[in-house]
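Take a look at the letters that make up each chain.
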Amino acid sequence: MLKTVTQLTVLSTVLAATGAMAQDATITIESWRNDDLALWQDKIIPAFEAENPGIKVKFTPSAPAEYNAALNSKLDAGSAGDIITCRPFDASLALFEAGHLADLADMPAMDNFSDVAKSAWQTDDGASTFCVPMASVIHGFIYNKEAFEEVGVDVPTTEDEFFAALDKIKADGNYIPMAMGTNDQWEAATMGYNNIGPNYWKGEEGRRALIAGGQKLTDDAWTAPYATLAKWGDYLGDGYEAQTYPDSQNLFTLGRAAIYPAGSWEISGFNELADFEMGVFKPPVQKAGDTCYISDHTDIGIGMNAASENAEASKTFLAWVGSPEFATIFGNALPGFFPLSKTPVDIEDPMANEFVSWRGECESTIRSTYQILSRGTPNLENETWGASVAAIKGTESPADLGAKLQEGLESWYKP
Amino acid sequence: MQRSNTRWHIAVFLAPAVLVYTAVMIVPLFNTLRLSLYTEIDQHRVFVGLENFRTLFLDPIWSKQFWNALANNFWFFVIHMLVQNPIGILLAAILSQPRLRFAAFYRSAIFIPTLLSFVIVGFAWKLILSPIWGIAPDLLNTVGLKSLYAPWLGKEEYALTTLALVSVWQFVGIPMMLIYAALLTIPDEILEAGEMDGITGFSAFWKIKLPLILPAIGIISILTFVGNFNAFDLIYVAQGALAGPDYSTDILGTFMYRTFFGFQLQLGDPHMGSAIASAMFTIILIGVCIYLFGIQTRMRRYQL
Amino acid sequence: MRTARTHFPSAVAMHGALLLYMLIALFPIFVILINSFKKRKSIFREPLALPNSDSFSLIGYKTVMEQGDFFLYFQNSMIVTVVSLFFILLFGAMAAYALSEYRFRGNLLMGLYLALGIMIPIRIGTVAILEMMVATGLVNTLWALILVYIAQGLPLAVFILSEFMRQVSDDLKNAGRMDGLSEYQIFFRLVLPLVRPAMATVAVFNMIPIWNDLWFPLILAPGEEVKTLTLGSQVFIGQYVTNWNAVLSALSMAVIPVLILYVIFSRQLIRGITSGAVK
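Read top to bottom, the protein sequences are chains A, B and C.
Residues in the first sequence are numbered from 1 upward in steps of one, following the numbering used here.
Residues in the second sequence are numbered from 1 upward in steps of one, following the numbering used here.
Residues in the third sequence are numbered from 1 upward in steps of one, following the numbering used here.
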């Protein structure tokens with residue numbers, strides 16, 4: 001029933017829009033996903049253009065590191081593209097508040113998404129939604145199945161088993177137990193702290209309590225993950241301090257490391273690069289039988305430049321992005337980016353399937369620092385990068401790190 | 001000397017440069033620096049006078065970062081002055097020896113790193129120094145010094161010096177070329193006159209050439225100073241905008257960029273960013289003024 | 001013959017020093033180039049080995065070429081660089097001559113004013129510059145880039161050229177004036193040829209940041225038709241990129257044109273230095 005209603009609404013939007021759209025329009029998409037260029041050019045855009053003659057779409061990505069700065073400059077000066085790919089939470093909220101993103105709350109396609117999915121691109125009161133949710137990414141660990149068999153370790157489910165497995169792989173000596181470096185810093189925070197952390201602070205419960213002021217970063221739930229990260233240092237490769245993110249990826253896909261702390265976005269790249277069988281496991285819980293929590297982070301949305309001269313064509317495009325059809329194309333072309341629409345999407349990739357199956361077994365949460373808590377200076381997310389690195393290197397104690405972060409947060413944030 | 005009275009030609013000579021430069025560079029830059037006196041409250045720009053500077057220098061969160069970046073920047077500059085410029089002068093001195101065979105070949109080869117973009121330089125050196133790829137450890141191993149290897153870019157105590165040396169590697173061609181051009185403009189007659197007096201070889205360089213190329217050394221010193229205090233790209237490419245590990249490679253340029261344009265979840269703050277840029281500008285301006293008024297005007301210059 | 005200087009006792013030491021430094025200078029580039037021609041596994045297994053029949057692969061270059069019109073990008077980069085350099089040298093030399101030759105009120109201040117530009121990172125003026133280009137309709141044209149690069153290159157050009165012009169002998173210029181040459185003729189016919197080494201130096205120094213710039217092409221001219229080579233190859237160096245074949249190939253392709261450009265200028269440079277030396 002729901003499905004047909006959705007399809008009808010999408011259909012009617014498309015019809016209404018095409019009716020108003022007699023002339024040709026070319027719309028340009030701003031994005032940081034330069035890795036997806038081929039996918040957009042070969043699959044997504046042709047599918048859209050076939051259904052919407054008269055609208056041409058150009059996908060013009062820039063490198064992720066420059067995206068925010070370049071986009072903001074172009075928006076301020078009025079030369080940005082029609083469609084804006086949205087970072088989650090405050091970065092896009094700021095663009096909306098500055099009048100750069102159009103309000104899409106009354107777009108029918110928005111009904112295809114749950115409130116949780118939309119929350120990443122809403123004003124705090126939920127009155128306005130300014131981006132169509134596209135995808136979320138889930139954290140966990142990818143492992144080398146052949147290495148596990150060779151060394152004779154089983155997939156760990158608890159932390160004790162996890163470290164026992166690491167010890168065994170280390171003792172065996174043929175594989176680097178875990179591929180991660182601290183040079184780029186964000187890996188330590190994203191694939192380390194926010195990967196294993198939700199099991200400690202109990203996902204949404206802890207995250208909301210932190211925002212509401214009921215918990216502090218000095219609490220055990222928030223410093224304990226640092227203590228666990230401190231144990232990781234022993235299992236990383238030689239010179240991990242200077243190991244970069246691509247180094248880690250290559251180390252794992254070349255079969256030299258056994259475990260890779262991951263985000264699901266790695267799947268498509270790893271499928272292409274690795275010539276051994278891979279499996280995934282979720283962040284191990286502290287004790288057998290504990291409820292598991294996973295980071296299922298809303299990561300990409302897509303919105304409209306409020307100053308777009310092709311508003312109608314852009315809305316047609318956004319309505320299409322909100323449709324189940326897009327979700328199916330996107331979810332399967334990029335396994336590991338999980339569509340956020342309510343309509344379930346059949347995902348073919350086995351690893352991606354495993355990741356997404358955890359939604360049924362565990363409680364989902366988003367990264368702890370993304371909503372509200374990174375609005376001020378010092379920026380909690382960026383500080384967490386440094387703190388996670390310090391934890392792994394063992395240069396500061398978990399308690400000190402918690403105290404430092406809490407002090408920084410308190411300097412500008414009042415619950 | 002008969003010079004025309006109106007001297008319109010001076011204006012004609014200056015006009016094109018001044019016009020383009022003022023319109024495309026000075027106006028936008030100062031329009032932006034002006035932002036340092038404002039802040040944004042509820043989407044409105046509010047004049048706050050020197051408040052942003054007070055925050056920058058007195059608020060511990062900001063001032064700690066600022067002084068850290070400034071100190072790192074000085075170290076970055078010191079390494080360039082102590083390593084890059086002496087090597088550049090030495091190479092130029094050798095290259096300018098008459099009848100040195102293959103001089104053009106050496107000169108071109110040594111200049112090549114200067115031609116590369118920061119992206120390439122950062123990427124190449126990260127690969128070479130990488131513990132994973134193993135080029136640096138392997139090379140040290142072949143000379144029996146494996147124990148000297150450390151993941152330099154990942155260690156707080158080495159990262160900045162390592163990057164400064166990479167930057168020296170990249171830019172040594174600039175002092176080399178400038179000094180080389182200066183050495184070549186020294187007339188043979190002067191050197192021959194020196195030879196008559198028995199001044200040759202090393203002492204000819206020290207006693208005759210060096211005083212004559214002092215203006216060029218002055219130029220490269222001030223260019224190094226300006227370049228280093230504006231530096232940004234190499235650190236950004238190699239270590240990211242957070243200039244890790246633990247801000248140990250943060251210099252004024254990366255601090256300014258991070259603040260002005262934002263980074264990851266941190267939103268850009270053009271007002272504080274402009275305040276940092278103004279501080280950088282002041283530091284560089286003081287340095288340049290010392291050079292222009294204190295050194296350049298007093299330097300003995302020989303018309304050749 | 002100047003025998004004293006030709007028999008330099010330490011010729012061997014000089015060659016040794018130059019060779020050693022040359023190795024240091026070229027080694028990283030060598031590593032990138034050889035690995036761009038290898039299969040992914042061999043890149044990691046033996047990074048220092050030359051490509052052989054086993055490890056040779058052009059897959060990286062193929063990937064790169066499929067992603068865009070690199071000949072068009074090359075042409076754009078070439079136009080932007082050459083046109084900008086021409087105006088930097090012309091306008092810069094004229095201004096430098098005015099500053100170094102004539103005594104007039106505000107001379108020193110004007111020199112300082114023209115040097116201000118190298119003291120502030122021009123990036124912070126991005127929004128203002130972009131607004132101006134949008135207003136004048138120059139956005140997404142090569143002219144937007146050329147204008148910015150001229151403005152950006154002038155301070156250094158004026159700074160270096162005026163220092164060199166101060167060394168041009170007054171007697172020569174005065175002799176020209178005696179012969180009835182106008183100030184413009186003195187500048188173009190007498191002074192410019194004499195500072196050719198410095199001009200070539202300025203050209204090479206300015207060529208580098210222009211050719212390699214990523215920021216302004218990204219902001220001012222991101223369109224497909226006006227993309228520069230550096231921006232075009234940036235697609236392969238993102239955050240989530242593991243395709244090192246493509247990265248290394250893209251980097252190599254970005255290096256080679258600069259090398260060619262330098263070889264061209266370098267001829268001029270040497271010719272300028274040897275024939276124009278003030279004797």
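Hints in this document: simulated from the structure, not taken from any laboratory.
Where is the CB? At the ideal position from N, CA and C, for every residue including glycine.
One thing to keep in mind: the hints can contain errors.
To give a feel for the contact side, a few chain A residues facing chain B, derived at Cβ under 7 Å [stated by the list, open to error]: (1) Asp24; (2) Gly239; (3) Leu251; (4) Asn332.
Computed cross-link-like contacts, EDC-like style, restricted to lysine to aspartate or glutamate with a CA-CA straight-line distance of at most 20 Å [what the hints assert, rightly or not]: (5) Lys216/A with Asp349/A; (6) Lys170/A with Asp238/A; (7) Lys43/A with Asp400/A; (8) Lys56/A with Glu277/A; (9) Lys414/A with Asp138/B; (10) Lys41/C with Asp400/A; (11) Lys414/A with Asp238/A; (12) Lys41/C with Asp275/A; (13) Lys404/A with Asp219/A; (14) Lys126/B with Glu101/C; (15) Lys145/A with Glu309/A; (16) Lys56/A with Glu410/A; (17) Lys126/B with Asp219/A; (18) Lys146/B with Asp238/A; (19) Lys173/C with Glu66/C; (20) Lys58/A with Glu46/C; (21) Lys216/A with Glu396/A; (22) Lys56/A with Glu225/C; (23) Lys58/A with Glu101/C; (24) Lys62/C with Asp42/A; (25) Lys56/A with Glu101/C; (26) Lys202/A with Glu312/A; (27) Lys43/A with Glu348/A; (28) Lys64/B with Asp400/A; (29) Lys146/B with Glu225/C.
Evaluated hints:
Annotation: Asp24/A was flagged as interfacial toward chain B, and the flag is violated, the nearest CB pair being 35 Å apart, outside 7 Å. About 3 Å separates the beta-carbon of Gly239/A from the nearest beta-carbon of chain B, less than 7 Å, and the hint is met. Among the interface hints, the one on Leu251/A holds; its C-beta lies about 6 Å from the nearest C-beta in chain B, closer than the 7 Å criterion. At about 29 Å, the closest approach between the beta carbon of Asn332/A and any beta carbon in chain B exceeds 7 Å, and the interface hint on this residue is violated.
Note on Lys216/A and Asp349/A: the hinted pairing is violated, with a Cα-Cα distance of about 39 Å set against a maximum of 20 Å. Our distance criterion of 20 Å between C-alpha atoms is met by Lys170/A and Asp238/A, whose separation comes to about 12 Å. Under the criterion of a C-alpha separation no larger than 20 Å, the hint pairing Lys43/A with Asp400/A is inconsistent with the structure, at around 50 Å. Annotation: proposed proximity of Lys56/A to Glu277/A is violated, straight-line Cα distance about 40 Å (limit 20 Å).
The hinted pair formed by Lys414/A and Asp138/B fails the criterion: a straight-line CA distance of about 53 Å is larger than 20 Å. Distance check on the hinted pair: Lys41/C and Asp400/A sit about 43 Å apart at the alpha-carbon level, beyond 20 Å; violated. This hinted pair does not check out: Lys414/A and Asp238/A have alpha carbons roughly 42 Å apart, beyond 20 Å. Distance hint between Lys41/C and Asp275/A is fulfilled; the C-alpha atoms sit about 11 Å from each other, no more than 20 Å.
A distance of roughly 12 Å separates the Cα atoms of Lys404/A and Asp219/A; the hinted pair therefore holds under the 20 Å criterion. Distance restraint check for Lys126/B and Glu101/C: the Cα-Cα separation of roughly 47 Å exceeds the 20 Å cut-off, and the hinted pair is therefore not satisfied. Pair hint Lys145/A plus Glu309/A does not hold up; C-alpha atoms about 52 Å apart against a cutoff of 20 Å. Restraint check for Lys56/A and Glu410/A: the C-alpha separation of about 49 Å exceeds 20 Å, so the hint is violated.
About 38 Å separates the Cα atoms of Lys126/B and Asp219/A, which puts this hinted pair outside 20 Å; it is violated. Note on Lys146/B and Asp238/A: the hinted pairing holds, with a Cα-Cα distance of about 13 Å set against a maximum of 20 Å. Proposed proximity of Lys173/C and Glu66/C is contradicted: the alpha carbons are some 57 Å apart, above 20 Å. Note on Lys58/A and Glu46/C: the hinted pairing is violated, with a Cα-Cα distance of about 41 Å set against a maximum of 20 Å.
This hinted pair checks out: Lys216/A and Glu396/A have alpha carbons roughly 19 Å apart, not beyond 20 Å. Between Lys56/A and Glu225/C the alpha-carbon distance is near 17 Å, which keeps this suggested pair within the 20 Å criterion. Straight-line distance between C-alpha atoms of Lys58/A and Glu101/C comes to about 54 Å, which puts the hinted pair past the 20 Å bound. With a CA separation close to 17 Å, the supplied pair Lys62/C and Asp42/A stays within the 20 Å bound.
Restraint check: the Cα-Cα separation between Lys56/A and Glu101/C comes to about 58 Å, which exceeds 20 Å; the hinted pair is violated. Simply put, Lys202/A and Glu312/A have alpha-carbon atoms about 44 Å apart, too far for the 20 Å limit, and the pair is violated. Proximity of Lys43/A to Glu348/A is assessed by CA-CA distance (about 17 Å); at most 20 Å being required, the pair is judged to hold. For the suggested pair Lys64/B and Asp400/A, the alpha carbons sit about 18 Å apart, so the restraint of at most 20 Å is met.
Restraint check for Lys146/B and Glu225/C: the C-alpha separation of about 50 Å exceeds 20 Å, so the hint is violated.
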